[in-house]
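Chains B and H, in that order, are what the protein sequence lines are. Each residue of the first sequence is one higher than the one before, starting from 7 at the first, in our numbering. Each residue of the second sequence is one higher than the one before, starting from 5 at the first, in our numbering.
Don't read these hints as lab results, they were simulated from the structure. Here a beta-carbon is modelled for each residue, glycine too, at the ideal position from N, C-alpha and C. Some hints could be false.
[Stated by the list, open to error] Okay, the calculated bits of chain B under chain H, using three or more residues with CB under 8 Å as the criterion: (1) 62 to 72; (2) 112 to 126; (3) 135 to 149; (4) 228 to 241.
[Unchecked claim] Under 7 Å between C-beta atoms, here's a sample of chain B residues computed to sit facing chain H: (5) 51; (6) 55; (7) 268; (8) 382.
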Amino acid sequence: MENLRNDPDYTLYRPILESDRRFYWMIGFLSVVILWALVMYIRQLVYGLEVTGLNNTVTWGFYIINFVFFIGISHAGTLISAILRLSQAEWRRPITRMAEVITAIVLMIGGLHPIIDLGRPDRVLNVFLYGRLQSPLLWDVTAIGLYFTASTVYLYVPMIPDIALLRDKTNTKLKWLYTFLSWGYEGTERQKHILERAITILMVAVIPIAVSVHTVISYIFSMTLQSGWHSTIFGPYFVTGAIFSGTATLLVVMIAFRKLFHLENYLKKIHFQYMGILLLVFSLFWTYFTFSEFLTGIYGNEPKEMSVIHYKLTGPYAPYFWTMVICNFIIPVVILSFKKLKTIPGILFASIAVIIGMWLERLTIIVPSLSSPRLPIISEPYFPSMTEWSLFAGGVAAFCLLFLIFAKIFPIISIWEIKEGREEGLNEAKERLDSYLPDTIISEEEAT
Amino acid sequence: MAKWGMVIDLNKCTGCGSCVNSCRMENNVPNVGDKAAQAGRTMDWMQIITEYHGNYPNIRIVHIPRPCFQCNNPPCTKVCPVHATFLNEDGLVGQIYQRCIGCRFCMAACPYSAKSFNYSKPDFPEAYEKTLNPDVTRRMNGVVEKCSFCHHRLAIAKDVARFEERDLEEEDYQPACSESCPTNAITFGDLDNPEHRVTHLMHSNRAFRLEEELGTEPKVYYLKKEDK
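Between the sequences and the hints, there should be enough to build the whole structure, so can you do that?
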């Protein structure tokens with residue numbers, strides 16, 4: 007224990023070893039919110055979807071919005087961490103773990119939403135008994151199932167050396183868990199080699215899976231004939247939006263844990279600046295897609311399409327739509343383009359705006375299309391009920407709670423990767439940089 | 005194989021609502037009550053859509069009775085994850101209430117808003133209980149339902165024909181809406197039978213189908229309303 011205190015990375019062990027009263031307060035508060043959501047859900051089970059604000063034209067509401075929203079955030083993780091690892095970005099080291107945790111937790115929560123939305127959740131197994139591969143819903147079940155499996159494995163495998171460290175160096179009540187989960191990892195040459203191979207295979211595999219997930223989620227909408235949904239760019243549009251909201255969530259999580267766990271030495275300004283550039287790029291991507299989508303619709307001037315577009319731009323959904331544009335385009339672009347505004351509080355503000363904006367994007371995609379049926383039927387406006395709000399709050403609370411519990415049991419920043427960066431990364435990066443330069447003498451084999 | 009279909013003459017339709025009511029009685033469609041109706045949860049297998057053209061006093065009103073169109077290329081059956089809605093052997097779009105998981109994907113996919121969802125447990129007033137049709141299942145909470153072209157009547161007609169050892173004739177099978185229409189606006193029959201009145205009407209130069217350009221191939225035709 008004593009020598010752990012002298013460890014240069016003691017800050018990373020501290021949340022696991024020491025308890026903080028604030029931590030228990032937060033756990034308590036979040037549990038209350040989740041419990042309340044649970045009560046509301048049980049009420050929904052008893053009465054049926056009567057307790058929601060849905061009707062016969064707007065058949066999908068908050069639950070599907072939140073489903074798309076949460077699954078979207080999951081792209082933070084694995085995708086960003088896999089791409090950063092693959093491109094050997096050295097600054098990734100303190101970020102990857104958090105990103106992967108976001109993915110695993112958010113997929114759990116998001117994956118539950120379609121079940122919450124079912125009129126007959128007791129029959130959910132019919133999807134496996136009588137499943138038809140023709141239905142985009144089945145593609146979703148497959149893709150999300152695969153992504154959840156892949157991303158939890160991708161979270162777990164790079165965590166093994168850290169768990170082994172915890173097993174050897176700490177003496178908490180959870181030693182049995184660390185012993186079990188570390189699988190006898192001792193850090194031998196062979197084990198290290200296998201671990202690195204496994205991480206490489208996983209990160210390559212996880213990228214196409216992640217892309218496929220939000221693509222098939224967009225297919226739920228674009229495969230129907232609904233105006234406003236039946237669009238070919240929905241796949242890439244949703245994936246872009248997903249990575250966009252994921253990056254923003256990752257930034258919020260980074261800033262929160264930096265403050266909470268005093269990680270200022272690990273998460274430096276440079277990390278936020280690099281992530282900020284990523285956020286800015288995706289904000290512009292998102293704007294480009296949105297612009298293309300609306301320009302095509304408006305230019306074509308097809309009446310059914312126009313009625314949905316009017317609904318969004320000038321009709322009852324205009325406040326949401328324009329707030330979305332401000333949150334997703336104006337705020338992040340202004341903050342992230344100017345060095346003066348690109349401070350950590352500035353980035354936090356932009357990230358929160360993006361999260362809200364992306365949620366509104368899901369809303370303005372789903373509800374206005376359903377609210378303007380093709381036939382001249384009067385569609386009642388959709389107002390989410392108390393139950394839907396409660397379950398939304400419950401979902402957000404569950405995210406925070408699971409994250410806090412994770413951070414209490416496992417290090418939130420990869421200790422061994424930081425150590426590796428300190429010991430090997432510096433030299434490796436120098437060698438790599440040297441090899442890029444024109445003065446480097448190319449050995450004969452390499453030249454041929 | 006017969007291709008059951010319908011031709012609705014909008015010139016003759018007065019919007020009286022008799023098809024809607026007979027459909028409710030025939031198919032045990034629940035009354036949802038005032039509160040749910042205001043929330044937009046009315047269950048209508050047959051619905052009268054009213055279109056208004058022009059402004060008062062030069063207003064022109066068109067009533068469009070809308071059953072399920074039993075499309076030949078239905079967008080709703082494609083998306084169902086559990087085979088709870090499908091094109092059956094009679095060419096009608098069937099619903100299996102016992103299998104439906106209530107995801108409402110088919111409702112989102114239907115361009116005609118022909119489907120309704122049971123948001124609450126169907127509740128029939130006591131007086132109503134006695135008039136329920138024993139040939140039609142009462143639906144449970146949380147499933148999607150829609151017009152079936154009174155499919156149970158087809159099943160009965162087939163049984164009767166078999167019992168009487170003859171072929172099924174078209175007049176044996178009529179859905180409740182066409183039977184009850186006081187102005188004979190709804191004609192029902194086999195669209196493939198060149199002898200039948202329905203085929204004659206279907207080829208009229210007033211005939212059209214709603215949202216035909218979507219390629220759903222609805223089996224319900226309308227005859228355009230003409231101003232006289």
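Status of the hints after comparison with the structure:
Only residues whose C-beta sits within less than 8 Å of a C-beta in chain H count toward coverage, and the stretch 62 to 72 of chain B has 5 of them, enough to reach three; the restraint holds. Counting residues of the stretch 112 to 126 of chain B whose C-beta lies closer than 8 Å to any C-beta of chain H gives 5; at least three are required, and the coverage claim holds. Using a Cβ-Cβ cut-off of 8 Å, 10 residues of the stretch 135 to 149 of chain B lie near chain H, which meets the minimum of three, so the contact claim holds. A stretch counts as covered by a chain when three or more of its residues have a beta carbon under 8 Å from one of that chain; for the stretch 228 to 241 of chain B and chain H the count is 4, and the coverage holds.
The closest approach between the C-beta of residue 51/B and any C-beta of chain H is roughly 10 Å, which is over the 7 Å cut-off, so the hint fails. A least Cβ separation of about 5 Å between residue 55/B and chain H falls short of the 7 Å threshold, and the interface hint therefore holds. Taking 7 Å as the C-beta contact cut-off toward chain H, the hint placing residue 268/B at the interface is violated, the least distance being around 46 Å. With its C-beta approaching chain H no nearer than about 5 Å, residue 382/B sits inside the 7 Å limit, and its interface hint holds.
When the structure is compared with the earlier hints, violations turn up for hints 5 and 7 and for no others.
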